[in-house]
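Generate coordinates for the entire structure from the input sequences, incorporating the hints supplied.
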Amino acid sequence: MNADSIDWDRACVLAGGSPAIRDQIIDGVLALFSDQGELAPLFAISPQPSDLPLLRTLSHRAVGLAKQAAMPGLEAVCKQLNACLAEGRFEDAGAMGTALREERERVRKTVVAWRGGES
Amino acid sequence: MAVALKEASLTPCRGNPRRYPEAMTAITPPSNRLPVVVAEDERLLLSVLPALLRQASSGRIDVIHCCASRADLLQTLRRSQPAVVVCDIRMPNRAGDTPTAVDARYLRTLFRHRPDTRLILLTGHTDPLLAKALIDAGAHGYLEKSTDPAEMCRMIVDVSEGRRFIAPPVQAAIERLEGRADRTVREQLLDGRRGDVLRLLLDGQSPAEIAASLCVGRKYVDKRIAEIKRITGVDTHIRIYRVCERLGIIDERRQHRLG
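Residue numbers (the working numbering), protein chains in the order written: chain W, 59 to 177; chain B, 17 to 275.
Mixed in with the good hints there might be a few duds.
Capping the alpha-carbon separation at 30 Å, the derived lysine-lysine pairs in BS3-like fashion look like this [as the list claims (entries may be wrong)]:
| hint | chain 1 | residue 1 | chain 2 | residue 2 |
| --- | --- | --- | --- | --- |
| 1 | W | Lys137 | W | Lys167 |
| 2 | B | Lys148 | B | Lys161 |
| 3 | B | Lys161 | W | Lys167 |
| 4 | W | Lys137 | B | Lys245 |
| 5 | B | Lys148 | W | Lys137 |
These are computed hints drawn from the structure, not numbers from a lab.
Values in this document were obtained by computation on a predicted structure and should not be read as measured data.
Written as structure tokens, this is what we have:
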């Protein structure tokens, strides 16, 4: 389990101490970051993106969501991606898509392992 | 990856999609409940915030409506009277629009609808310029989205009781910005001949006396004084004095004379 994938204590605090709300937030964030989710366009940014305003909005959302779900690794990658888009470094942003997907997978595995350990 | 968003604990009441079940607010007597409207365009957060605030406040905070756009919030304020509105700083005008930061004009419109309602803004990324503009426009609270819910509930109650609360990192960012702005104004004021005119003006000399002291024409002095007024944003000599006092220029001048 990657310790940096989810800060479980922080996640619980941010959920007002409720494990049910914490799980709702974590599952909701993972759904948004899934390959079919609303944030999926961030995984495949072309060197000359035609939908830059949308990508900027999505990367901004992604940072906030990762922060709210206490996923520091994902938050860090999203912040880098957000900076790349803001500074017009689209090739770097494209490369960050892979890192973003990898980090999401790390989070997902952490969640699965955590829940496996709970049962 | 199949992750479903659970909403079982937040089933809205039948007939009013934004009203949440009465049973969930049963801990605090109805008379003590604080009616709050939440405006947040992130559906996931909007789906958990009512329960989160209710739970963290032991039922004191009663989220009476949730809004996902600015238009929605204005419409809600026409028909309900919350004690506090908790509003994300970035919201779309209407559902489906790109979210943008709210501005002072929007805040004034909100207060025109509900002058007694207190407003707390939630931000994910601190922009001190925007924060300052919105606080100046009348926002009563400015919180970071990552604030612990229990802390957020305390702030909501505090703000409803007439206090103001600005998150310390936001306050610090504003102070840094003001410090930078002050330094810039100071440097501009004391630059070159303009600085000489200002120093003599602060010593109490009239424009004619300054012109004589510096061996320049009266028009030249008037022009420099006009520049000083533009930089300080004031229009009288006494106000220039007050601005310079705040910037530390008066103290410096006094020490210079004593030394």
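Right, here's what the structure says about each hint:
Pair hint Lys137/W plus Lys167/W holds up; C-alpha atoms about 22 Å apart against a cutoff of 30 Å. The hinted pair formed by Lys148/B and Lys161/B meets the criterion: a straight-line CA distance of about 17 Å does not exceed 30 Å. Taken as a hint, the Lys161/B and Lys167/W pair is honoured in the structure, with Cα atoms around 26 Å apart against an allowance of 30 Å. The hinted pair formed by Lys137/W and Lys245/B fails the criterion: a straight-line CA distance of about 42 Å is larger than 30 Å.
Between the alpha carbons of Lys148/B and Lys137/W the distance comes to roughly 24 Å, so the proposed pair stays at or under 30 Å and holds.
Going through the hint list in order, the structure does not satisfy hint 4, though it satisfies all others.
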